[in-house]
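Chains A and B supply the protein sequences, listed in that same order. Residue 10 in the working numbering sits at position 7 of the first sequence, and the numbers go up by one each step. Residue 290 in the working numbering sits at position 273 of the second sequence, and the numbers go up by one each step.
I should point out that these hints are in silico values taken from the structure, not numbers from a laboratory. Keep in mind the model is a prediction, meaning the values are calculated, not measured. Beta carbons: idealized from backbone N, C-alpha and C, even for Gly. Mixed in with the good hints there might be a few duds.
Stated by the list, open to error - Computed beta-carbon distance windows for the label pairs:
(1) 231/B with 102/A: 48 to 56 angstroms
(2) 231/B with 101/A: 29 to 37 angstroms
(3) 101/A with 241/B: 36 to 44 angstroms
(4) 51/B with 129/A: 48 to 56 angstroms
(5) 52/B with 213/A: 54 to 62 angstroms
(6) 219/B with 113/A: 50 to 58 angstroms
(7) 19/B with 129/A: 39 to 47 angstroms
(8) 51/B with 255/A: 22 to 30 angstroms
(9) 43/A with 229/B: 50 to 58 angstroms
(10) 282/B with 66/A: 29 to 37 angstroms
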Amino acid sequence: MRNVPSPDEATFGAISRNGETTPVPSYYERPMLKAPHWEWNVITYLFLGGIMGGLGLIQLVADSSRGDERMLKRTARVTSFILAAANPAILITHLGRPERFLNMLRIVKFKSPMSVGVWGLVFYTGAAGANMTRELAIIGILPRRLRFIAPGFMTPLQALLGAFTASYTGVLLSATANPFWGSGKRHIPAMSVCSGLASACALSSLLSVLEGNHTVVPKLERLEMVAGAAELAILADFQRSAGAYATPFFSGERGKKLRTYTIVAGTLAPLALNLLGAAVKLPKPVDAVRTTLASILTLTGGYILRESLIEAGKSSAKDPRAAFRQPE
Amino acid sequence: MATGFFTDTTLCIGCKACEVACKQWNELPSDGFEFTGNSYDNTSELSGTTWRHVAFIEQMTLEEDGLHDRWLMSSDVCKHCTNAGCLEACPTGAIIRNEFDSVFIQPDVCNGCGYCVVSCPFGVVDLIEKFDPQGHHYNLASLVTSRREEERTALAGHGGVAGKCTLCYDRQTLGFTPACAKACPTESIQFGNVEELRERARERVETLAGRGVSAQLYGADDVGGGIGPLNAFFLLTDRPEAYNLPAQPVLPSTRQRAGYTSAAIAVLGLAIAGWVIFRNA
Numbered sequence: 004m005r006n007v008p009s010p011d012e013a014t015f016g017a018i019s020r021n022g023e024t025t026p027v028p029s030y031y032e033r034p035m036l037k038a039p040h041w042e043w044n045v046i047t048y049l050f051l052g053g054i055m056g057g058l059g060l061i062q063l064v065a066d067s068s069r070g071d072e073r074m075l076k077r078t079a080r081v082t083s084f085i086l087a088a089a090n091p092a093i094l095i096t097h098l099g100r101p102e103r104f105l106n107m108l109r110i111v112k113f114k115s116p117m118s119v120g121v122w123g124l125v126f127y128t129g130a131a132g133a134n135m136t137r138e139l140a141i142i143g144i145l146p147r148r149l150r151f152i153a154p155g156f157m158t159p160l161q162a163l164l165g166a167f168t169a170s171y172t173g174v175l176l177s178a179t180a181n182p183f184w185g186s187g188k189r190h191i192p193a194m195s196v197c198s199g200l201a202s203a204c205a206l207s208s209l210l211s212v213l214e215g216n217h218t219v220v221p222k223l224e225r226l227e228m229v230a231g232a233a234e235l236a237i238l239a240d241f242q243r244s245a246g247a248y249a250t251p252f253f254s255g256e257r258g259k260k261l262r263t264y265t266i267v268a269g270t271l272a273p274l275a276l277n278l279l280g281a282a283v284k285l286p287k288p289v290d291a292v293r294t295t296l297a298s299i300l301t302l303t304g305g306y307i308l309r310e311s312l313i314e315a316g317k318s319s320a321k322d323p324r325a326a327f328r329q330p331e
Numbered sequence: 018m019a020t021g022f023f024t025d026t027t028l029c030i031g032c033k034a035c036e037v038a039c040k041q042w043n044e045l046p047s048d049g050f051e052f053t054g055n056s057y058d059n060t061s062e063l064s065g066t067t068w069r070h071v072a073f074i075e076q077m078t079l080e081e082d083g084l085h086d087r088w089l090m091s092s093d094v095c096k097h098c099t100n101a102g103c104l105e106a107c108p109t110g111a112i113i114r115n116e117f118d119s120v121f122i123q124p125d126v127c128n129g130c131g132y133c134v135v136s137c138p139f140g141v142v143d144l145i146e147k148f149d150p151q152g153h154h155y156n157l158a159s160l161v162t163s164r165r166e167e168e169r170t171a172l173a174g175h176g177g178v179a180g181k182c183t184l185c186y187d188r189q190t191l192g193f194t195p196a197c198a199k200a201c202p203t204e205s206i207q208f209g210n211v212e213e214l215r216e217r218a219r220e221r222v223e224t225l226a227g228r229g230v231s232a233q234l235y236g237a238d239d240v241g242g243g244i245g246p247l248n249a250f251f252l253l254t255d256r257p258e259a260y261n262l263p264a265q266p267v268l269p270s271t272r273q274r275a276g277y278t279s280a281a282i283a284v285l286g287l288a289i290a291g292w293v294i295f296r297n298a
């Protein structure tokens with residue numbers, strides 16, 4: 004990928020006169036903005052939010068299959084509910100006290116992605132819980148009469164809410180005063196959706212292999228390839244359009260980690276492995292290992308993508324010149 | 018009535034009486050001493066526990082007729098924006114606009130999520146660190162609204178909450194001038210009705226121009242980016258960046274629409290792809 008200028012070369016709002024560029028003054032090079040206080044827990048929250056949303060989409064599109072995808076749907080619904088239930092707990096480790104989560108349920112504020120996002124999470128948990136209950140009632144783990152808890156519209160509803168939970172985590176970052184995140188107002192949300200779905204496909208493939216449901220794996224891997232390719236295209240366009248604002252993300256140690264874990268190991272390698280799986284008929288045990296490896300790589304790449312977004316946001320906040328002249 | 022601050026930096030003498038008065042009145046703890054070497058500024062920035070910060074800008078330029086030096090001082094504070102990024106971002110409703118049109122954080126509602134911190138275009142709000150077991154009331158911005166001992170105890174020991182200037186809400190309700198403006202010996206910090214202050218500020222710019230001093234107002238009118246005018250605005254004699262103020266700030270919520278739109282396109286594309294893949298495979 005192309006190298007973007009280092010912060011020293013960046014010319015946020017520099018004044019050019021007679022071919023000479025006067026650098027923008029700063030206050031002793033001190034940051035103007037405050038860096039996010041977000042650590043592993045928020046990164047994990049964003050990562051799992053993406054997977055959870057992606058699983059919502061998977062349990063819907065599986066409906067279009069001419070074959071029987073009951074097992075995939077059941078796995079997706081149970082897993083999505085577990086993730087939805089785990090997410091508030093992870094958020095609470097960040098907030099400090101459980102009741103602090105409830106403070107967010109006092110109001111609905113459409114101007115705050117975090118507010119609408121929390122409500123999206125709450126409703127998603129409800130929809131996923133209803134769909135999971137139906138699945139478990141059908142196979143007899145729960146009382147059979149409970150299968151009526153989730154009427155047919157719950158499937159597209161969970162998908163819709165899932166699409167929202169996978170999207171808002173991106174909007175939550177980009178709709179801030181952070182120059183890097185702001186410069187990605189179009190790319191970060193779309194990237195979050197793609198990465199979330201790719202990770203959801205990877206997790207579903209992995210679980211399907213463990214369950215012995217091998218027939219569905221090629222379909223999941225194909226969808227994973229589409230999502231992964233879209234993610235790469237968005238990343239490339241982001242680097243081109245954001246320019247110096249995205250330097251903390253694409254350059255230096257941080258950029259190296261993104262390239263190694265998210266782009267090469269997390270997207271290109273699983274793409275190659277999945278293409279191999281589609282092209283060559285491998286013996287079953289070998290194929291299972293291939294799927295497992297591809298899935299783990301995709302999931303790692305997805306986590307590192309979120310980590311890179313957060314960490315690059317911290318670096319960006321420390322650059323006063325990027326903050327003085329915000330991207331639009 | 019909308020009240021606010023007009024900070025006239027040409028009158029500031031860098032005495033830091035505003036910083037001290039703010040800390041004393043609001044019972045804000047020391048942030049520790051760190052020598053920066055940046056002129057006389059060891060406070061460095063506004064924070065959850067520092068709600069006034071005096072910037073010292075020492076400039077020296079060598080020109081044909083000799084060395085020119087200029088020493089700018091400016092007391093920075095929360096801007097109490099017309100459209101406040103922190104207020105819009107707050108998911109709990111802890112950040113409200115009070116009857117004085119100031120942006121106010123209710124510490125007992127704040128859950129410490131930190132979203133306001135990244136949503137302030139001026140880098141003002143910050144989380145107050147966790148409670149210090151040594152007995153310093155580190156997380157107690159609540160003392161601004163409540164000085165009751167039991168409330169101190171109720172909030173003590175828990176994670177941080179967001180803190181910033183309240184425009185001395187408590188003093189205002191009693192009819193008092195905010196602590197910083199009260200303590201300012203040169204009237205560099207003027208408190209009052211925002212409309213009147215703006216009028217006064219414009220006159221001041223003209224007076225200064227008559228004396229050959231070129232000055233500009235920052236935030237008396239719309240600062241752009243959807244933020245609107247600021248209830249706490251400044252008179253500056255250099256570019257805003259020299260004072261660590263943004264020349265082109267943006268209200269974060271204006272970035273939402275683009276985000277949701279592009280995410281929706283991605284969702285639609287992937288859903289169709291998924292549908293086709295599962296149907297045909």
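Results for each hint:
no.: 1; hint: 231/B with 102/A: 48 to 56 angstroms; result: holds (54 angstroms)
no.: 2; hint: 231/B with 101/A: 29 to 37 angstroms; result: violated (56 angstroms)
no.: 3; hint: 101/A with 241/B: 36 to 44 angstroms; result: holds (41 angstroms)
no.: 4; hint: 51/B with 129/A: 48 to 56 angstroms; result: holds (49 angstroms)
no.: 5; hint: 52/B with 213/A: 54 to 62 angstroms; result: holds (59 angstroms)
no.: 6; hint: 219/B with 113/A: 50 to 58 angstroms; result: violated (36 angstroms)
no.: 7; hint: 19/B with 129/A: 39 to 47 angstroms; result: holds (42 angstroms)
no.: 8; hint: 51/B with 255/A: 22 to 30 angstroms; result: holds (27 angstroms)
no.: 9; hint: 43/A with 229/B: 50 to 58 angstroms; result: holds (57 angstroms)
no.: 10; hint: 282/B with 66/A: 29 to 37 angstroms; result: violated (22 angstroms)
Checked against the numbered hints above, the structure violates hints 2, 6, 10; every other hint is satisfied.
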